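Please build the complex by placing chains B and C on the supplied structure of chain A, with the hints as guidance.
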Amino acid sequence: MSRADPFLDIPAPVVGVRLGWRTWAVIVASTALGLFALGWPLLFPAIGVTPQHTADAPFVFAALLPLVVVLVIAQVTEGGLDARSLAVLGVLSAVNAALRPALGAGTAGIESVFFLLILAGRAFGPGFGYLLGFTSMFASALLTAGVGPWLPFQMLCAAWVGLTAGLLPRRVSGRAELAMLVAMGIASAYAYGALMNLWFWPFIATGMESAAGSLDYLPGAPVAENLTRFGWFTLLTSTGGWDTGRALTTSLALVVLGRPVLAVLRRASGIGRVATGDQGRRGSHLIGSPHGSSNPVQARD
Amino acid sequence: MLRSALPRPLHPFAWWGYAIGLAVAASSTTNPLLLAGLIGAAIVVAMSRRGSNPWANSFALYLWLAVFIVVLRVGFRILFGGGDGPTVLLTLPEMPLPSWVRGIRLLGPVSLEAVLAGLYDGLRLATIVVCIGAANSLANPKKLLASLPAALYELGTIMVVAVSALPQLGESLQRVVRARRLRRGSAARSRRDRLRAVETIIVPVLSDALERSLALAASMDVRGYGRSGSGGRRRTLALGLGAIGLLTVWAFRFLAGSPDVRLAGVPIVSVALAAAGLGCGVAALRVAGRSVRRTQYRPIRWRWPETLTVLCGATAVLLVTAVAEPTVVFPAISPFAWPSLTGPLLLALAAAVLPATLTPPPSMPKVAP
Amino acid sequence: MIRFDGVTVRYASSDAVRLRDATFEIPEGELCLVVGPTGSGKSTLLGCINNLVPRFTGGIRTGSIHIDGRDTTLLQPRELATTVGYVGQDPLAGFVTDTVEEELAYSMEQLGYGAAEMRRRVEETLDLLGIADLRDRALRTLSGGQQQRVAIGSVLAVSPRVLVLDEPTSALDPIAAEEVLATVSRLVRDLGTTVVIAEHRMERVIEFADSVLLVGEEVRIGPTREVLAASPVRPPIVDLGVRLGWHPLPLTIREARRAAAEQRRAWLESPPPLPAPAPGGRPVLTAQDVVVRYPQKLAVAGVDLVLRSGGVTALMGRNGCGKSSLLWALHGAGRRDGGTVRPADGARIALVPQTPADLLYLATIAAECAAGDATAGLAPGTTLSLLRRLVPRIEPAAHPRDLSEGQKLAVVLAVELAGDPDVVLLDEPTRGLDYSAKAELRDIIAAMAAEGRSILLATHDVELVADACDRVVVMAEGEVVSDGPTRDVLAGSALLATQVAKLTNPTPVLTVREYLDVAR
Chain A
1 MSRADPFLDI
11 PAPVVGVRLG
21 WRTWAVIVAS
31 TALGLFALGW
41 PLLFPAIGVT
51 PQHTADAPFV
61 FAALLPLVVV
71 LVIAQVTEGG
81 LDARSLAVLG
91 VLSAVNAALR
101 PALGAGTAGI
111 ESVFFLLILA
121 GRAFGPGFGY
131 LLGFTSMFAS
141 ALLTAGVGPW
151 LPFQMLCAAW
161 VGLTAGLLPR
171 RVSGRAELAM
181 LVAMGIASAY
191 AYGALMNLWF
201 WPFIATGMES
211 AAGSLDYLPG
221 APVAENLTRF
231 GWFTLLTSTG
241 GWDTGRALTT
251 SLALVVLGRP
261 VLAVLRRASG
271 IGRVATGDQG
281 RRGSHLIGSP
291 HGSSNPVQAR
301 D
Chain B
1 MLRSALPRPL
11 HPFAWWGYAI
21 GLAVAASSTT
31 NPLLLAGLIG
41 AAIVVAMSRR
51 GSNPWANSFA
61 LYLWLAVFIV
71 VLRVGFRILF
81 GGGDGPTVLL
91 TLPEMPLPSW
101 VRGIRLLGPV
111 SLEAVLAGLY
121 DGLRLATIVV
131 CIGAANSLAN
141 PKKLLASLPA
151 ALYELGTIMV
161 VAVSALPQLG
171 ESLQRVVRAR
181 RLRRGSAARS
191 RRDRLRAVET
201 IIVPVLSDAL
211 ERSLALAASM
221 DVRGYGRSGS
231 GGRRRTLALG
241 LGAIGLLTVW
251 AFRFLAGSPD
261 VRLAGVPIVS
271 VALAAAGLGC
281 GVAALRVAGR
291 SVRRTQYRPI
301 RWRWPETLTV
311 LCGATAVLLV
321 TAVAEPTVVF
331 PAISPFAWPS
341 LTGPLLLALA
351 AAVLPATLTP
361 PPSMPKVAP
Chain C
1 MIRFDGVTVR
11 YASSDAVRLR
21 DATFEIPEGE
31 LCLVVGPTGS
41 GKSTLLGCIN
51 NLVPRFTGGI
61 RTGSIHIDGR
71 DTTLLQPREL
81 ATTVGYVGQD
91 PLAGFVTDTV
101 EEELAYSMEQ
111 LGYGAAEMRR
121 RVEETLDLLG
131 IADLRDRALR
141 TLSGGQQQRV
151 AIGSVLAVSP
161 RVLVLDEPTS
171 ALDPIAAEEV
181 LATVSRLVRD
191 LGTTVVIAEH
201 RMERVIEFAD
211 SVLLVGEEVR
221 IGPTREVLAA
231 SPVRPPIVDL
241 GVRLGWHPLP
251 LTIREARRAA
261 AEQRRAWLES
271 PPPLPAPAPG
281 GRPVLTAQDV
291 VVRYPQKLAV
301 AGVDLVLRSG
311 GVTALMGRNG
321 CGKSSLLWAL
331 HGAGRRDGGT
341 VRPADGARIA
351 LVPQTPADLL
361 YLATIAAECA
371 AGDATAGLAP
381 GTTLSLLRRL
391 VPRIEPAAHP
401 RDLSEGQKLA
411 VVLAVELAGD
421 PDVVLLDEPT
431 RGLDYSAKAE
441 LRDIIAAMAA
451 EGRSILLATH
461 DVELVADACD
471 RVVVMAEGEV
481 VSDGPTRDVL
491 AGSALLATQV
501 AKLTNPTPVL
511 TVREYLDVAR
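Chains as they are written, first to last, in the UniProt record's numbering: chain A, 1 to 301; chain B, 1 to 369; chain C, 1 to 520.
To be clear, the hints were calculated from the coordinates, so they are not data collected in a lab. Watch out, some of these pointers could steer you wrong.
Lysine to aspartate or glutamate pairs mimicking EDC-like chemistry, simulated, CA-CA at most 20 Å apart [stated by the list, open to error]:
#1 B:Lys142 / C:Asp488
#2 B:Lys142 / C:Glu101
#3 C:Lys502 / C:Asp488
#4 C:Lys297 / B:Glu171
#5 B:Lys142 / C:Asp98
Just some of the chain B residues that point at chain A, by a computed CB distance under 7 Å [unchecked claim]:
#6 Ile132
#7 Glu154
#8 Ala162
#9 Gly240
#10 Leu285
#11 Gln296
Quick caveat, the model's predicted, so the values are computed rather than measured. Idealized CB from N, CA, C, for every residue including glycine.
With the rest of the complex left out, here is chain A (with noise of 0.2 Å):
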C-alpha cells in the first residue's frame, strides 16, 4: 500500500485522569480551604483569634464544602474524561462502596476500607486516585441513602488519601513498594479518622460556657487545652477501636491482596480491546508491556 493512504495511529489507551496546571491550582485551593474548614477550632486559638459563631461553624462549612467539592470535579473532570477510564471509576467505586459496610456511611468515617483506593492510585495516577476518592464515598452515600452534610468531608479526605497514593515516589518496586502502601494504609487510616472526628468534634461536642462537658470544643481557649481535649476525645471514640480496626484491616489487605490486585489493575490499562471473539489470539505480548510498570498518566503524554 503506499503511504499517501490515509493513516490512523493511535497509541494503545491507558486508563488514567491527566491533571493539568489548572488543576492542579484547583486542588491545592480547595484543599486549603478544606484544611481549613476541618482545622479551625485549633487554628485560631493558634493566630490569636477567638473564634465567633462556633455553633454555626459547622453549618457554613456544611453549606460551602458541596460547592467546593463541586467546583473541584467540574474542574478535575473538565475536558471529558474518556470512556474508559470513566468505567473504570465506576466500576472500582462500586466495588469500594460494597466494601464498606452498609453502617458505614451513616456518620463521620465510622468505616471504610481504603485499600484498593490506595492501589488504584498507585496503579493509575495520582489524577484517578484522587476522583475515585471523590466518586467511591459519593456511590458509597447514595447506594445506603447516606447522603449528608459529612459526605463532602469524607468526599474530600478520600480524595486526598487516592491523590497521596498516586504521588508515591514512582521507582519503588516489588518489598520496598509493598511495604510503603502498607505504611501510607497505616497512616492514611488514622489521619482520616482524627480529621473526621475534628469536622464533627464542635459539632457534636460544643460547651456552653456554663455548661461544658470536659470532652467538648471550647472557643476561645488556647490551642493546647483544646488539642488536649480534641486527643482524649478522638482517642476515646476512635482511635482505639474504629481506625485501629481500620488501620489493621486495611495494611492486612494489602500485605495479602496489594501485589496480585496491583497487578490485575496495572493489566486494564495499556491494554487495548473490545471485548470481541478473537481477542485472545494476540496471546502473550503483554508480559513486559511498557505501560505494565510506568506511569500511566506519564506514558500517556
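The following block gives chains B and C in isolation, referenced to the frame of chain A:
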C-alpha cells in the same frame, strides 16, 4: 383532579429543600418539645410519601442513628463529667486519673444540668440526622443524579455505572466462590493458605469487573457518550479559584468576627464577599457545563407541589429563627425552666407536617409481570 | 453505504496484522453476513465500521472507510452514533443504566434529543422490538434473548443507517437466539436498515442474507451461495451440498430436501446401515433421586442417572431447566437436598464450571499449572504437559485472561485432568466457542473417553452432541424427560434434530460425515 396532583414522584430537589429547611430550623433551637415535634413531622412525611424503592427503607437506619447520638451525648456527660450545675442527681465514685490527663474527669457527681445539656444538644443533632434521613428515603437518587448541573455530567455517569455494576459484582462473587469450592478437596490448612484463598476469589472477581468495564466503555463510546467539546478552560479556572478564594476569606472573617461596615444593619463586606464567591462558583459551573449538550429522559417537572414543599420548609425556618422569642427557642438549663411551645412554634410544626398531604402520593407500585 | 478501500489494521499492542487490505462495498438496505475462520479479523472488521478500531482499542489503520459517503478517518465512535449502531456479544456487559426504558433512552440523552422526541422514540422502539411489557423491568432480570433485544433497541432508537451486530447470539440458548435473529430479520424488512452481522449460527441467517463477506487471507464479498461454496466454515447443509456438488447450492432445509429427494426415497425403501452406539463400560457414578431445592425454585426434582466408563453423555434442555444444578450436585460441591450420589470405588469426579476464568487467578499459565500440581500433589510439570497435549500451540508465559474462551477451558480442564478423575463434568463448555474451537473440544472429549473416563456435558449445541456424544439426557423443569442413545433422542425430536437429520427425516442420519459414509 389536577394533573400535578396525580400519583408521581416529587422532584428530588424539592424533598432536599424541604429537609434542609427542617434541619436548619432544628439547628437553631434547643427546645426539646420543638425538636421532638420536628422529628415527628419528618417521620410523618417520610412514612406517608416514600415509595417502595430500596432507598426508601433506609429511614429506619437513620432513626436508630438518632437514638444512638442522643445516648452517646448524654453518656459522655455522665462518664466524663462537665457542665456541672447545682442540682446533683447522683454521685458516682470518681476514678482517679494521672495528673497529665488535664481537664478530664472520669465519673463523679452527675448533675441535672449536665444531663439536660447533653440531651438538648444530642436531640438537636438527632433531629438534623432524621431530617436528612427523610430526604434520603424520599428523594429518588437516580433522578437526583440526572438533575445535577451539566458540569458534573461525568460524575453523574460514573455514579450510574457504579450503581449498575454493584449487582454484577455480587453475581460474579457468588460464581467465583462456588467455583472455588471445586478445589475444596485439597483445602488449605495453614493460615498462609487461607489468606491465599482470599486472593483466589478477589483476583478473578476484580479481573472480571475490569473486563466488563472495558466492554461497557466501548458500548458507551459507541452510543454517543461524551460528545462534547471542551469549553472555556481559562475562564472556568479563574472563576473556580475566585470562588474558593472569596469563600475562604468570607468564612475566615465570619468565624473571626472581623469588624465590618454596616449599612442599614447589613454587614456590607461579608455579604459582598459571600455573594461574589457564590456567584463565581455558579458561573464557573455554568461555563464548564456549557459545552455539555445532554438531555434527560422523562424529567420530573417542577410544579406547584414542589414549590409548596420547599415553602413549607422555608416557613418553618422563618418562624423558628425570626418570629419566635429567643427564650422559648433556647430554654434555660441553669436555672432549669420547663420548655414550652408558643404560637409561632406550633405554626412552624404545622408547616413542617403539611407536605404529607400537599404533595402527590408516590407512583403506584407496578404489578409484577 | 459502507465502503472499505484497502483497509489494513494492526493493534497497538502487537505486531501482527489483523486485517489485510480489505476492499469491498455494501449497498444500502442489505443484510450482509460476515463469515471467516477463527482469528481472521471478523471482529476487527466490524469494529472498523464505527471506528471503535482503532480509536478505542488503539492501533494503526491504513486505507479509508466511507460510511454513507462520509470519510470516517477523523471521526470518533461517538460521532458516528447516529450513523452506525453497534451491538456486541454480551448485552449485559454493555448496559449503562439498569431499567429497560432508561437504557433505550441513553443514546438519545447523550445526543441531546428533546424530551418529547425522546419519549416518542422510546415508545416506538418498545413496540418495534415487542418489549413494551418489559418497560419497567430491571435489565438484569430479563432473559438473555430479551436483553439482546433491548441492546438492539437501544441503538436503534436513534435510527442509525447501519446496524452492526458482532455475534449477537453467541451467549444465548437456541430459543433466545431464534428470538433475536427473527427480530433482526424483521428489522431489515421493515426499516430498510443496512445490517452487517457476524453470526456463528449461520444457518439461521443465510436465508435472508443478501450477501456474504468472507474474511480471511483476502476479504471478498459476493452472493451468498457463491461465497459460501468457497468458505472454510459453512453450515452443515451447505457443506453437504458442496461436497455432493448439488446445484443450486441449498441454503435451507427445504431446498436441500428437494436436492436429496432421490436419496431419501432410496433410504425409505432400504434403511442404510447406521453405526450402533458402543456398549457402555462399568458404572462409575450412580445417582438416585437427586433433589436440589432453592428458596424460590425446585431446580432438580428427583433425577436418576448412571454414568458408565468410556461413555460421553450430553445433558440438554432449555436454560434454567436444572442442568447446571444437577452437575454441581453430582460433583458434590453444589447443593443437594435429597437423594444419593455414589461414585464407584475410589472414583474421582471433576467439574469444569461454565466460566472457567473464575478459577484462574495467577499471572501466567505456567504458574496456574504449577499451582495445580502443588494442590493435587503431583510432580511439577504434570499439568503443563497435559495442557500441551490438549492444545499444543499454547504459550506458557501468556496471561490466562488473554486466552480465547476455548484455551481458558483447556487450561482449567488440564488442571482438573491432572487429578486423574474417572468422571468429568463439563458445564456448557461450548459457550462462546467458534467452529474450530468446538472441533478441538470434540477431539479432547474423544481422547478422554478413549482413556476410559466418563464424560457428562451440559450443552445446547446439537451438532456437537451428534458428533461427540453417544447418549443424550434431556431435562425439563428439573426432571429427565428423555434419556437414550444420541441417534434415537436427536432424530426423534423436532427441536433437537440436527440439520442433516431434518433433511433425511425419517431416516436418522445425524451428521454430514455419516451422510457421506452411508450414501456412498
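Structure-based check of all given hints:
no. : hint                : result
1   : B:Lys142 / C:Asp488 : violated, 55 Å
2   : B:Lys142 / C:Glu101 : holds, 14 Å
3   : C:Lys502 / C:Asp488 : holds, 13 Å
4   : C:Lys297 / B:Glu171 : holds, 18 Å
5   : B:Lys142 / C:Asp98  : holds, 10 Å
6   : Ile132              : holds, 4 Å
7   : Glu154              : holds, 4 Å
8   : Ala162              : holds, 4 Å
9   : Gly240              : holds, 5 Å
10  : Leu285              : holds, 6 Å
11  : Gln296              : violated, 17 Å
Hints 1 and 11 from the earlier list are contradicted by this structure; the remaining hints agree with it.
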